[in-house]
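> Below, each chain spelled out in residue letters.
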Amino acid sequence: MKHLPLTAALLGAAPFAPLPALAQDDTLNVAAQYEIKGPEASTSGFVFTRMGLTETLVNADPDGRLTPGLATDWSSSEDGLNWTFTLREDVTFHDGTAMDAAAVVNALEIARAKPGPLNGLPITGITAAEGAVEITLSEPMAALPAYLAEFRAQILAPASYAEDGSGVAIIGTGPYMVTSMDAPLSLDATAFDAYWGTAAHIPNVAYSGVSRVETRALMAESGDADFVFGLDPASVARLGMVDGVEVLSTAIPRTLLIKVNAGHPFLSDPRARRALSQAIDREGIAKAVLRYPEGADQLFPPSLAGWHDDAAAPLTYDVDAARATLADLGWTPGPDGILTRDGERFALTLTTYPDRPELPLVASVLEQQFRVLGVDVTINSTNSSAIPAGHQDGSLDLALIARNFSLIPDPIGTVRSDYVGNGDWGAMNWNNEAFATLVAHIARDGGAPADKAKAAAILQDELPVIPIAWYRQTLAVSNAVEGAIIDPFERSFGLQDLRWAE
Amino acid sequence: MKALTSRLVQAVVVAVLIGTATFVMMRSLPGDAAWRIAAGRYGYDNVDAAAAEAVRSELGLDGPALPALLQWLGDLLTLDFGTSLVSGQPVMHEIAHQLGASAALAGIALLLSVLIGPPLGILAGLRPGGVLDRCLLVVSTGLKAVPQFLLALILIVLLAVQLRLLPAAGHGEARHFILPSLTLALGLAAVNARIARDAMARIADMPFWRFAEWKGLSRREVLMRHGLRNVSVPLLTYLGLQFVTLVEGVVVIEAIFGWPGIGHALVHAIFSRDVPMVQGTALVLGLGFVLVNTCIDLIVRRIDPRGETEARA
Numbered sequence: 001m002k003h004l005p006l007t008a009a010l011l012g013a014a015p016f017a018p019l020p021a022l023a024q025d026d027t028l029n030v031a032a033q034y035e036i037k038g039p040e041a042s043t044s045g046f047v048f049t050r051m052g053l054t055e056t057l058v059n060a061d062p063d064g065r066l067t068p069g070l071a072t073d074w075s076s077s078e079d080g081l082n083w084t085f086t087l088r089e090d091v092t093f094h095d096g097t098a099m100d101a102a103a104v105v106n107a108l109e110i111a112r113a114k115p116g117p118l119n120g121l122p123i124t125g126i127t128a129a130e131g132a133v134e135i136t137l138s139e140p141m142a143a144l145p146a147y148l149a150e151f152r153a154q155i156l157a158p159a160s161y162a163e164d165g166s167g168v169a170i171i172g173t174g175p176y177m178v179t180s181m182d183a184p185l186s187l188d189a190t191a192f193d194a195y196w197g198t199a200a201h202i203p204n205v206a207y208s209g210v211s212r213v214e215t216r217a218l219m220a221e222s223g224d225a226d227f228v229f230g231l232d233p234a235s236v237a238r239l240g241m242v243d244g245v246e247v248l249s250t251a252i253p254r255t256l257l258i259k260v261n262a263g264h265p266f267l268s269d270p271r272a273r274r275a276l277s278q279a280i281d282r283e284g285i286a287k288a289v290l291r292y293p294e295g296a297d298q299l300f301p302p303s304l305a306g307w308h309d310d311a312a313a314p315l316t317y318d319v320d321a322a323r324a325t326l327a328d329l330g331w332t333p334g335p336d337g338i339l340t341r342d343g344e345r346f347a348l349t350l351t352t353y354p355d356r357p358e359l360p361l362v363a364s365v366l367e368q369q370f371r372v373l374g375v376d377v378t379i380n381s382t383n384s385s386a387i388p389a390g391h392q393d394g395s396l397d398l399a400l401i402a403r404n405f406s407l408i409p410d411p412i413g414t415v416r417s418d419y420v421g422n423g424d425w426g427a428m429n430w431n432n433e434a435f436a437t438l439v440a441h442i443a444r445d446g447g448a449p450a451d452k453a454k455a456a457a458i459l460q461d462e463l464p465v466i467p468i469a470w471y472r473q474t475l476a477v478s479n480a481v482e483g484a485i486i487d488p489f490e491r492s493f494g495l496q497d498l499r500w501a502e
Numbered sequence: 001m002k003a004l005t006s007r008l009v010q011a012v013v014v015a016v017l018i019g020t021a022t023f024v025m026m027r028s029l030p031g032d033a034a035w036r037i038a039a040g041r042y043g044y045d046n047v048d049a050a051a052a053e054a055v056r057s058e059l060g061l062d063g064p065a066l067p068a069l070l071q072w073l074g075d076l077l078t079l080d081f082g083t084s085l086v087s088g089q090p091v092m093h094e095i096a097h098q099l100g101a102s103a104a105l106a107g108i109a110l111l112l113s114v115l116i117g118p119p120l121g122i123l124a125g126l127r128p129g130g131v132l133d134r135c136l137l138v139v140s141t142g143l144k145a146v147p148q149f150l151l152a153l154i155l156i157v158l159l160a161v162q163l164r165l166l167p168a169a170g171h172g173e174a175r176h177f178i179l180p181s182l183t184l185a186l187g188l189a190a191v192n193a194r195i196a197r198d199a200m201a202r203i204a205d206m207p208f209w210r211f212a213e214w215k216g217l218s219r220r221e222v223l224m225r226h227g228l229r230n231v232s233v234p235l236l237t238y239l240g241l242q243f244v245t246l247v248e249g250v251v252v253i254e255a256i257f258g259w260p261g262i263g264h265a266l267v268h269a270i271f272s273r274d275v276p277m278v279q280g281t282a283l284v285l286g287l288g289f290v291l292v293n294t295c296i297d298l299i300v301r302r303i304d305p306r307g308e309t310e311a312r313a
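Sequence lines, in order, name chains B and P. Under the UniProt record's numbering, the first sequence has 263 at position 263, and the numbering climbs by one with no breaks. Under the UniProt record's numbering, the second sequence has 279 at position 279, and the numbering climbs by one with no breaks.
It is worth saying that the hints were derived from the structure and are not from the lab. Only a predicted model underlies this, so the values are computations on that prediction, with no experimental measurement involved. Glycine included, C-beta positions come from ideal geometry on N, C-alpha and C. There could be a bad hint or two in this list.
[Said to hold, decoys possible] DEER-style ranges, computed between Cβ atoms:
# : chain 1 : residue 1 : chain 2 : residue 2 : range
1 : P       : Glu53     : B       : Thr136    : 22 to 30 Å
2 : B       : Pro140    : P       : Gly63     : 38 to 46 Å
3 : P       : Val13     : B       : Ser381    : 33 to 41 Å
4 : P       : Gly142    : B       : Ala321    : 33 to 41 Å
5 : B       : Ala194    : P       : Val14     : 49 to 57 Å
6 : B       : Pro357    : P       : Pro147    : 12 to 20 Å
7 : B       : Asp342    : P       : Gly142    : 54 to 62 Å
Please construct the entire structure, taking both the sequences and the accompanying hints into account.
Set out below in structure tokens:
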């Protein structure tokens, strides 16, 4: 035992000092997957609007109806070419300057000069008027207010921008104001005393960008984060059993779908696309991989009223019918079970991206389901930009993507950019005049529900994209917090409505 | 002095080689850089042809490669690393920010590993084949065999989720350091404990050691006077080499713990083809390697001056 002092001396240095338990403070910790690229609305604006730092002229309620934001109301001239947005009075930016028409025009002009939805609108001028902003168009556009609800149209104070329009600070009008920003992963904010609306209840909020979903789930479980956004199916199941954490889930207008190159010789016939669609076991994918109750039997989820049509004939799973259709199209099974026609094998590449962890998983299930049909699919999981790039150079065969129909709260924005003309994330080498006419009409005048259903029916019949599942957004909230809801349009975390539980 | 000059030359060669190699590698990656950068800037929901075109015209990506490389090397002479293609911030500024976070993490991990590994290794080496020696062999082999991301998750589940002692992830407070640095440290300690153990066992088997015991010094005195200095030479040399393991570990650990460091920045820069960022981070890591090894050399020379006197003689 004479070595004991030496042993103790050597081991005593090991760092096992007791640590204080986690302190409860007055800061609400938010964790989500998004990284902050910098104080730049065009790249990271969705973090700032979600955190309640910045606001847009127009808001959207959970049903997608447009509601007043920094503009109290809006109207258009008879011909639909001149729009007036009346600005809310007595609103100040976080730096104390007034949110006036000049500031709004400045913010919108800078946003319009950068890539984004405003950039593609037929806007001829944005001018300041007495307490209002006027926007003139070269052609009517009923959905203009919805475009102004998109995050890139957020209104920042003039001091937020450098002379060349690049962002230098986030000075918005929201219920919270930035106290420190440490791009790419963290941001602290405190309640803004001079907020025009109902003041936030929780005085301080902190944002952490945590890209790994496993880590986010563990942060929720350990209580390090009170509000954890975007969980994977496995974590949802586990967190459901943890005390002290509540898991919320809401259907959102985002669809998991296969983008099809309709110009490809194997896929140009709508019957071939329908056969591929019939070979997909949507319910199996939904239940086993995504852990959702059901798959998508049409493109638009039920939350998109008008575009979703309950009366539409659902997409079905019927491998035998799919086989028969492909046989009619001249495909016969080769020695390895893969279909051939005129000496060509039915082999395609399915491109996808791992930014959303479920995509490569679903891709591998699809590979097996298509193989049963006799279609050989090779998965290429790569950078997300490979999909629009492949669309542009025509090299894409199939792509598995998750498409949000409400980046602009009115789906017409996405429908118009994706399915008419040459939208990078929508139909490829597919043009349908009746559809284009309907969409142009809806974009111009708003359109009746019947018009939207008719347009959706064309997509259902022609399948320029093959829907697989409708997404759900998930959120884990600590029991220390009350009042959490998920905004299906993913515009806001709703932090200003949260309270500490009694 | 001579050693320092040769290290300085080495640093310059490393800088030029790394800068050129990363440049050539990034340029020869498949895929169009404008698209990748646009995806990095705007995210998968918003990357489209218009965004890629805007990036292309803003950055002038279609220019010839050689002038761009020469320009970068020229700027380097004035310590100008360029600006990030994704965030638009100066690379120097981003790296200074991220390197600080990584260096702090790596430094604490190294310190922890030195506190955990070598003491146990020395104790085990004093009694080769003893219970502690055999246990240490099993534990260190086990720890080395477990991938760091798995070890990180095990520690999170154990210390953060089950015992609720420590935060699972995050950055900004002292307690946030503990789990990521412990994860790194355990991996490092697993190996440096073995190095210390082998060195100790070798030294304890030498005639001078037996002589010291024979002349009546206590075991403690023998270790302090004749053991530690001898053990520290191979240990320090090995710590220099472990810097590579540490950099590699930092990349994985930062992703898991949401740590805003240089490893995290490097991975993202590669994904989004941010060439100046990749060049800058690779350069800083390369020069860090030269610096660490220079320091280790100098320290080892002080501890063990035999080589130097022989060279002079």
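> When you take the CB atoms of Glu53(P) and Thr136(B), is the distance between them in 22 to 30 Å?
holds, 26 Å
> Using the beta carbons of Pro357(B) and Pro147(P), state whether their distance is inside 12 to 20 Å or not.
holds, 19 Å
> Take the C-beta atom of Asp342(B) and the C-beta atom of Gly142(P), compute their distance, and say whether it sits inside 54 to 62 Å.
For Gly142(P) against Asp342(B), whose Cβ atoms are near 59 Å apart, the range 54 to 62 Å holds.
> Kindly confirm whether 49 to 57 Å is satisfied by the beta carbon distance between Ala194(B) and Val14(P).
Holds: the Cβ-Cβ distance is about 54 Å, inside 49 to 57 Å.
> Mind checking the hinted window 33 to 41 Å against the Cβ distance between Val13(P) and Ser381(B)?
holds, 38 Å
> Per the hint of 33 to 41 Å, is the separation of the Cβ atoms of Gly142(P) and Ala321(B) within bounds?
With a Cβ separation near 55 Å, Gly142(P) and Ala321(B) fall outside 33 to 41 Å, so the hint is violated.
> That 38 to 46 Å hint for Pro140(B) and Gly63(P) (C-beta), does it hold up?
Holds, at about 43 Å.
In summary, the structure is inconsistent with hint 4 from the numbered list given earlier, while agreeing with all the others.
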